[in-house]
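K.L.:
Each chain is listed here by its residues.
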Amino acid sequence: MPPPNTPEEGVPAAVSSPPARARRSARNASISSVAATIGSETQGICVGSVGDLSSRTRPCVLPINYQELRYESEVDKSLECPICRTPFSVPITTKPCGHTFCSVCLLRAHQMRPVCPIDRRPLDIDRDFCKARVIHDQLDRLRVKCPSQGCDYVCPRELLAVHYERYCEGTPVPCPDNSCDLWIARHDATPDKGCLHKYTPCQYCSKQVMKAALEEHYDRECSGNTVKCAECDVDVVQHRMESHVVNDCPSTVVSCKWSSYGCGKKAPRRDIWAHEKKPCVYQAIGRLVKDREEDRLIISELRARLSTVEGRLRMSEKEKTERKERKRRQASSNVDNTENTIPAFVPDLNLSNSPRAAASYNNGTWDSPEDYMLAQFERMETQMEDLRKNIHELDGLHSMRLLNDTMRLNEQIAELGSKVGVIGMHTTWLMNVQRQSRGQQRAVGGVGSPLGAFASSSGGSGATSGATAGGVSDTLRNAPDNEGGRYYSSNMPPRRNSDGRGENPPRL
Amino acid sequence: MASQKRIAKEFADCTNNAPAGMSIALANDSDVHKWHVTLDGPAESVYSGGKFGLVVTLPPEYPFKAPVVTFATRIYHPNVTNDNVGSICLGLLKPENWKPASKLLGVLEAVRLLLVEPQPDDPLESRIADEYRRDRAEFDKNARAYVQRYAKGLVKFDGTNVGPDAGAAGGSGKRSTG
Ligand SMILES: [Zn+2]
Ligand SMILES: [Zn+2]
Ligand SMILES: [Zn+2]
Ligand SMILES: [Zn+2]
Ligand SMILES: [Zn+2]
Ligand SMILES: [Zn+2]
Ligand SMILES: [Zn+2]
Chain A
1 MPPPNTPEEG VPAAVSSPPA RARRSARNAS ISSVAATIGS ETQGICVGSV
51 GDLSSRTRPC VLPINYQELR YESEVDKSLE CPICRTPFSV PITTKPCGHT
101 FCSVCLLRAH QMRPVCPIDR RPLDIDRDFC KARVIHDQLD RLRVKCPSQG
151 CDYVCPRELL AVHYERYCEG TPVPCPDNSC DLWIARHDAT PDKGCLHKYT
201 PCQYCSKQVM KAALEEHYDR ECSGNTVKCA ECDVDVVQHR MESHVVNDCP
251 STVVSCKWSS YGCGKKAPRR DIWAHEKKPC VYQAIGRLVK DREEDRLIIS
301 ELRARLSTVE GRLRMSEKEK TERKERKRRQ ASSNVDNTEN TIPAFVPDLN
351 LSNSPRAAAS YNNGTWDSPE DYMLAQFERM ETQMEDLRKN IHELDGLHSM
401 RLLNDTMRLN EQIAELGSKV GVIGMHTTWL MNVQRQSRGQ QRAVGGVGSP
451 LGAFASSSGG SGATSGATAG GVSDTLRNAP DNEGGRYYSS NMPPRRNSDG
501 RGENPPRL
Chain B
1 MASQKRIAKE FADCTNNAPA GMSIALANDS DVHKWHVTLD GPAESVYSGG
51 KFGLVVTLPP EYPFKAPVVT FATRIYHPNV TNDNVGSICL GLLKPENWKP
101 ASKLLGVLEA VRLLLVEPQP DDPLESRIAD EYRRDRAEFD KNARAYVQRY
151 AKGLVKFDGT NVGPDAGAAG GSGKRSTG
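Sequence lines, in order, name chains A and B. The first sequence begins at 1 in UniProt numbering and counts up one residue at a time. The second sequence begins at 1 in UniProt numbering and counts up one residue at a time.
Each hint should be verified, as a subset may be incorrect.
[Unchecked claim] Between beta-carbon pairs, the in silico distance windows are:
| no. | chain 1 | residue 1 | chain 2 | residue 2 | range |
| --- | --- | --- | --- | --- | --- |
| 1 | A | H187 | B | K156 | 48 to 58 Å |
| 2 | B | R149 | A | P201 | 50 to 60 Å |
| 3 | B | K34 | A | R121 | 24 to 34 Å |
| 4 | B | K34 | A | K95 | 54 to 64 Å |
| 5 | B | P59 | A | V115 | 53 to 63 Å |
| 6 | B | P59 | A | R121 | 19 to 29 Å |
| 7 | B | P59 | A | R220 | 25 to 35 Å |
| 8 | A | P201 | B | G106 | 50 to 60 Å |
| 9 | B | D83 | A | S243 | 58 to 68 Å |
[Claimed, not checked] When the alpha-carbon atoms are kept at most 25 Å apart in a straight line, the in silico PhoX-like pairs for lysine-lysine are as follows:
| no. | chain 1 | residue 1 | chain 2 | residue 2 |
| --- | --- | --- | --- | --- |
| 10 | A | K277 | A | K257 |
| 11 | B | K5 | A | K145 |
| 12 | B | K51 | B | K65 |
| 13 | B | K9 | A | K145 |
| 14 | B | K65 | A | K77 |
| 15 | B | K5 | B | K99 |
| 16 | B | K51 | A | K77 |
| 17 | A | K77 | B | K99 |
| 18 | A | K77 | B | K103 |
| 19 | B | K152 | B | K94 |
| 20 | B | K65 | B | K34 |
| 21 | A | K95 | B | K34 |
| 22 | B | K34 | A | K131 |
For the record, the hints were derived by calculation from the structure and aren't laboratory data. Glycine residues also receive a C-beta, built at the ideal position from the N, C-alpha and C atoms.
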């Protein structure tokens with residue numbers, strides 16, 4: 001069984017050209033479509049064979065198993081799937097509880113039990129999941145080692161698929177022998193070598209060894225025809241002696257691996273190991289230069305990709321103008337102007353039955369209507385991807401702006417609220433004062449001006465004035481208790497209602 | 001396959017932060033799906049002084065299916081079958097409770113806790129559970145006798161120290177499905 005892979009992961013839309021069908025289903029956000037993709041066999045990426053229907057039965061390279069990848073440095077725990085405990089591949093988030101998993105892991109858990117694998121909340125496979133876009137970038141940047149055997153290439157995860165599928169010599173590809181369904185490293189997959197999965201007796205120890213593993217057998221376990229290395233006392237198969245001395249023997253004098261950056265140290269290999277580990281002072285420079293070189297490599301790779309994209313664009317443009325030209329000629333001869341109104345990017349859907357369309361494809365750059373269709377699909381997909389990105393950016397900008405604005409408004413509202421509160425307090429206090437003075441006026445007999453009444457009452461019995469002072473100070477003491485001013489602004493009782501009961505000012 | 005990495009990480013987690021009195025090792029180096037755990041009887045329990053062997057088996061479907069934990073050493077406990085299988089009743093591991101995101105470290109902690117605090121309301125051995133509830137002194141005596149008889153000396157995982165003759169010490173009780 002081929003390991004589950006993640007076809008969409010890090011495959012730049014513009015470069016590789018997988019069968020458009022498979023890719024389209026993988027990009028759909030619904031998890032059930034992911035399920036369909038995982039189950040299907042058309043997940044491998046066939047470079048440059050868009051219309052090649054015959055090669056779809058088996059992927060062109062062994063799909064990358066993202067869960068088995070080795071990362072250059074420790075990956076942050078927050079990027080680890082809680083199920084497989086490796087950095088997410090095609091992360092997916094549960095909507096009700098916000099937990100993130102690899103699509104593959106979640107799908108498998110969901111098949112066992114349709115609940116969240118962390119908090120066991122019931123989850124509906126079609127509604128309750130969305131893509132986890134936020135961490136996608138972080139995952140793309142993780143530096144990862146190429147999974148091919150014998151390959152030391154390290155790159156950001158985003159670019160791994162390109163290296164693995166197009167350039168890596170160690171990538172497992174289908175055995176050139178059609179009757180064999182095993183995989184073999186790309187550099188060994190030549191028709192003249194044939195199937196290397198057949199067993200053959202080792203010429204030194206006569207053990208049965210698979211042809212592809214012969215080199216490894218010599219290195220590791222071969223016991224025949226060995227000799228002791230004169231320098232280091234290790235048993236080595238005779239015909240590997242040369243490579244042992246050059247590459248492995250700890251006694252061979254070699255120079256420091258940073259020698260091209262200025263280190264002049266030369267010593268037996270075992271001393272050099274210690275020297276390099278110390279570490280060598282030229283290491284920092286060497287690392288820097290290496291990084292620069294790597295950057296340059298990436299840049300050139302990107303540039304190559306750009307130029308292919310541009311080439312394709314130019315081709316389609318040429319094709320478009322050619323088609324327009326042809327149409328114009330046709331139109332002028334037929335005197336049928338309606339044809340011109342068809343937009344250029346709408347492909348003629350009646351491909352096989354329309355002789356005119358077929359002729360135009362055959363004369364143009366595309367070999368068959370299917371090719372043309374697929375190319376168009378691909379172009380539209382790229383455009384859609386761009387649009388989606390733009391929308392996301394706009395979305396983010398929008399919500400930022402909204403947040404900023406509402407924050408300011410909220411502040412202003414809070415300020416107004418507190419001001420209203422203060423005003424309310426003042427109003428109550430003033431009302432109370434007025435009410436009390438009026439009450440006193442009435443008590444004195446309602447003669448004279450309120451001022452006079454006030455004066456006379458203060459000069460009157462000590463009990464009354466004491467009560468007044470107490471009442472006022474009571475109100476004052478109570479006023480600050482009333483927070484926010486909501487009570488005053490909305491519920492303040494009309495003055496007339498409490499007019500008769502001046503001694504009992506409205507309390508809170 | 002994919003679970004291999006997860007198991008490796010779980011194993012590292014468990015060995016690096018082993019719960020009190022536990023030591024963990026692979027049953028054999030080529031198979032990460034079977035672990036041997038040695039557990040010292042917790043000091044605060046009647047099992048103190050004993051050394052118990054636990055076998056943790058991870059099914060091929062792990063972590064989508066729960067691991068299976070059994071006692072390789074006989075133990076007198078309401079939640080462990082009193083036979084040479086040593087099945088444990090642990091809520092965490094029941095199929096309807098298992099969560100693929102659960103960590104094995106938590107499982108081991110739970111087993112240790114089960115020795116400190118037996119759960120007589122969810123028993124595998126209802127006779128022992130009854131005894132635990134009604135006559136604690138008798139239960140303690142029996143449990144200690146088992147420790148003396150089976151859980152002293154070197155822990156064996158091959159089932160030789162859980163021989164079928166063990167019935168004499170406590171008698172096999174009526175079993176309930178837990
Ligand atoms: Zn959840
Ligand atoms: Zn996962
Ligand atoms: Zn490679
Ligand atoms: Zn072959
Ligand atoms: Zn040999
Ligand atoms: Zn040597
Ligand atoms: Zn050096």
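K.L.:
It remains to establish, for every hint, whether it holds in the given structure.
P.N.:
Now for the hints, and whether the structure bears them out:
1. A:H187 / B:K156: 48 to 58 Å: Hint holds: Cβ distance 51 Å, inside 48 to 58 Å.
2. B:R149 / A:P201: 50 to 60 Å: 58 Å, holds
3. B:K34 / A:R121: 24 to 34 Å: 33 Å, holds
4. B:K34 / A:K95: 54 to 64 Å: Given range 54 to 64 Å: violated, Cβ gap about 38 Å.
5. B:P59 / A:V115: 53 to 63 Å: Since the Cβ atoms of B:P59 and A:V115 sit about 19 Å apart, the hinted range of 53 to 63 Å is violated.
6. B:P59 / A:R121: 19 to 29 Å: The hint (19 to 29 Å, Cβ to Cβ) holds, given that B:P59 and A:R121 are roughly 24 Å apart.
7. B:P59 / A:R220: 25 to 35 Å: 33 Å, holds
8. A:P201 / B:G106: 50 to 60 Å: 53 Å, holds
9. B:D83 / A:S243: 58 to 68 Å: Cβ of B:D83 to Cβ of A:S243: about 60 Å, so the range 58 to 68 Å holds.
10. A:K277 / A:K257: 11 Å, holds
11. B:K5 / A:K145: 16 Å, holds
12. B:K51 / B:K65: 28 Å, violated
13. B:K9 / A:K145: 19 Å, holds
14. B:K65 / A:K77: 23 Å, holds
15. B:K5 / B:K99: Given pair B:K5, B:K99 holds - Cα atoms ~18 Å apart, limit 25 Å.
16. B:K51 / A:K77: Violated - the C-alpha atoms of A:K77 and B:K51 are around 35 Å apart, more than 25 Å.
17. A:K77 / B:K99: Given that 25 Å is the threshold and the Cα spacing comes to 19 Å, the pair holds.
18. A:K77 / B:K103: Since the Cα atoms of A:K77 and B:K103 sit roughly 14 Å apart, the hinted pair holds (cutoff 25 Å).
19. B:K152 / B:K94: 30 Å, violated
20. B:K65 / B:K34: Distance of about 15 Å is within 25 Å: holds.
21. A:K95 / B:K34: 36 Å, violated
22. B:K34 / A:K131: 36 Å, violated
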